[in-house]
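*Asks:* These are the residues of each chain, in order.
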Amino acid sequence: MADSHPTTHYGLAHHFDNLEQQKEAGSLGMWTFLITEIMFFGGMFMAYILYRSSYPQDFAIASSHLDWKLGGFNTIVLIVSSLTMAMAVYFSQKGNKKWLLTCLALTMLFGATFLVVKGVEYHEKYVTHHIPIRDFWHWTEPNSDSGHVQMFYWIYFAMTGVHALHMVIGLGIMAVIFWMAARNRFTPEYHSPVEISGLYWHFVDIVWIFLFPLLYLLGAHLTHH
Amino acid sequence: MSEHVVSPKIYVSVFLALMFFTILTVVAAYFDLGRANVLIALVIACIKATLVVLFFMHVRWSSTLTKVFVVAGLFWLVIMVALTLTDYLTRPSSPILRGP
Chain A
1 MADSHPTTHY GLAHHFDNLE QQKEAGSLGM WTFLITEIMF FGGMFMAYIL
51 YRSSYPQDFA IASSHLDWKL GGFNTIVLIV SSLTMAMAVY FSQKGNKKWL
101 LTCLALTMLF GATFLVVKGV EYHEKYVTHH IPIRDFWHWT EPNSDSGHVQ
151 MFYWIYFAMT GVHALHMVIG LGIMAVIFWM AARNRFTPEY HSPVEISGLY
201 WHFVDIVWIF LFPLLYLLGA HLTHH
Chain B
226 MSEHVVSPKI YVSVFLALMF FTILTVVAAY FDLGRANVLI ALVIACIKAT
276 LVVLFFMHVR WSSTLTKVFV VAGLFWLVIM VALTLTDYLT RPSSPILRGP
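Sequence lines, in order, name chains A and B. Following the working numbering from start to finish, the first sequence increments by one per residue and tops out at 225. Following the working numbering from start to finish, the second sequence increments by one per residue and tops out at 325.
Quick caveat, the hints were computed from the structure, so don't treat them as lab data. Yeah, the Cβ is synthetic: ideal placement off N, Cα and C, and Gly gets one too. Errors might be hidden in some of the hints.
Using C-beta positions, here's what the derived DEER-type ranges look like [as the list claims (entries may be wrong)]: (1) A:ARG183 to B:ALA261: 51 to 57 angstroms; (2) A:GLY161 to B:LEU310: 24 to 30 angstroms; (3) B:SER232 to A:ILE76: 22 to 28 angstroms; (4) A:TRP137 to B:MET244: 35 to 41 angstroms; (5) B:VAL252 to A:GLY147: 29 to 35 angstroms; (6) B:TRP286 to A:TRP137: 47 to 53 angstroms.
Below, in silico cross-link-like pairs of lysine-lysine (DSS-like), each with a Cα-Cα straight-line distance of 27 angstroms or less [stated by the list, open to error]: (7) A:LYS98 to B:LYS234; (8) A:LYS69 to A:LYS125; (9) A:LYS97 to B:LYS234; (10) B:LYS292 to B:LYS234; (11) A:LYS94 to B:LYS292; (12) A:LYS118 to A:LYS69; (13) B:LYS234 to A:LYS94.
Can you make the complete structure from the sequences, with help from the hints?
*Replies:* If you want it as structure tokens, here you go:
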């Protein structure tokens, strides 16, 4: 494609020499955004590191009140969704529209499944009064400091909440990509929107890969459940 | 176009590796290893993240410039964590120093 002229492809913006250069620029742009995301989530991980190392026992007890089976299920759901996303990129490279659409639909389905499970978990926290705001908070577990446990749940809700927001945005992006794919916008030569959106999706998966062990598995050895 | 098409075989292999490490991290959490628990959890999570970045996100086949961007992002993260900890770990009143 090195000698493609700006007018040869509808997907090529006028300020790029060719599709290859455009794809590289788009990919770097997404990576730049993802680096700001690393710093964004990094700040919250920093808070987690400091408070967990300050109150390790309280954090372990607090964590044992999360259902690691639901968290683990969601981890698997997200990894599967990353696989279907990667396969969507593959089929867009191959120009296989049917399987591209199938993989995008599956990715959205798994993303939605994740959010439903997350909703079930949040509801359980609401019912058991483990939401760290005013009257929504009621902590009776002995041998633990309510304030320190509350700090764990602040971090839990902040991090999983922001992560869930990223999932919702990801679903929106995937809906647009699906719509574009359905309208034959992608060819083996031009499919960078699929690939660049995939980068975002995989990044959100990576955040959860860290959140799962750091939030859900601290108290596993306490055999609370 | 010099684009690299990654075969589904590689994607599935990476997927299976990710599943394996997910199970491993759950199993490891059931043993009370003290401070080693968090270390194991983080090492496994870093391996998983590396697999996703290299293969699912195609960085293994990306341009050098993209690789520099990725490493730069991680570099700034390390600066933030390391410099913050040099403060907290050296405060005489630090609960981190006092231990559990």
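*Asks:* Hint by hint, note whether the structure agrees.
*Replies:* Okay, the hints, checked on the actual structure:
1. Here the CB-CB span from ARG183 of chain A to ALA261 of chain B is close to 53 angstroms, well matched to the stated 51 to 57 angstroms.
2. At roughly 26 angstroms, the beta-carbon separation of GLY161 of chain A and LEU310 of chain B lies within the given 24 to 30 angstroms, and the hint holds.
3. At roughly 23 angstroms, the beta carbons of SER232 of chain B and ILE76 of chain A sit within the given window of 22 to 28 angstroms.
4. A hinted range of 35 to 41 angstroms holds for the C-beta pair TRP137 of chain A and MET244 of chain B, which are about 36 angstroms apart.
5. A beta carbon spacing of about 32 angstroms between VAL252 of chain B and GLY147 of chain A agrees with the range 29 to 35 angstroms that was offered as a hint.
6. Checked against the given bound of 47 to 53 angstroms, the beta carbons of TRP286 of chain B and TRP137 of chain A, roughly 49 angstroms apart, stay inside it.
7. Simply put, LYS98 of chain A and LYS234 of chain B have alpha-carbon atoms about 20 angstroms apart, close enough for the 27 angstroms limit, and the pair holds.
8. At roughly 15 angstroms between alpha-carbon atoms, LYS69 of chain A and LYS125 of chain A fall within 27 angstroms of each other, so this suggested pair holds.
9. Proximity of LYS97 of chain A to LYS234 of chain B is assessed by CA-CA distance (about 20 angstroms); at most 27 angstroms being required, the pair is judged to hold.
10. Between LYS292 of chain B and LYS234 of chain B the alpha-carbon distance is near 24 angstroms, which keeps this suggested pair within the 27 angstroms criterion.
11. With a C-alpha separation of about 25 angstroms, the suggested pairing of LYS94 of chain A with LYS292 of chain B holds against the 27 angstroms cut-off.
12. A hinted pair counts as satisfied when its Cα atoms are at most 27 angstroms apart, and LYS118 of chain A with LYS69 of chain A qualifies at roughly 12 angstroms.
13. Taking the CA atoms of LYS234 of chain B and LYS94 of chain A, the gap is near 15 angstroms; set against the 27 angstroms cutoff, the hint holds.
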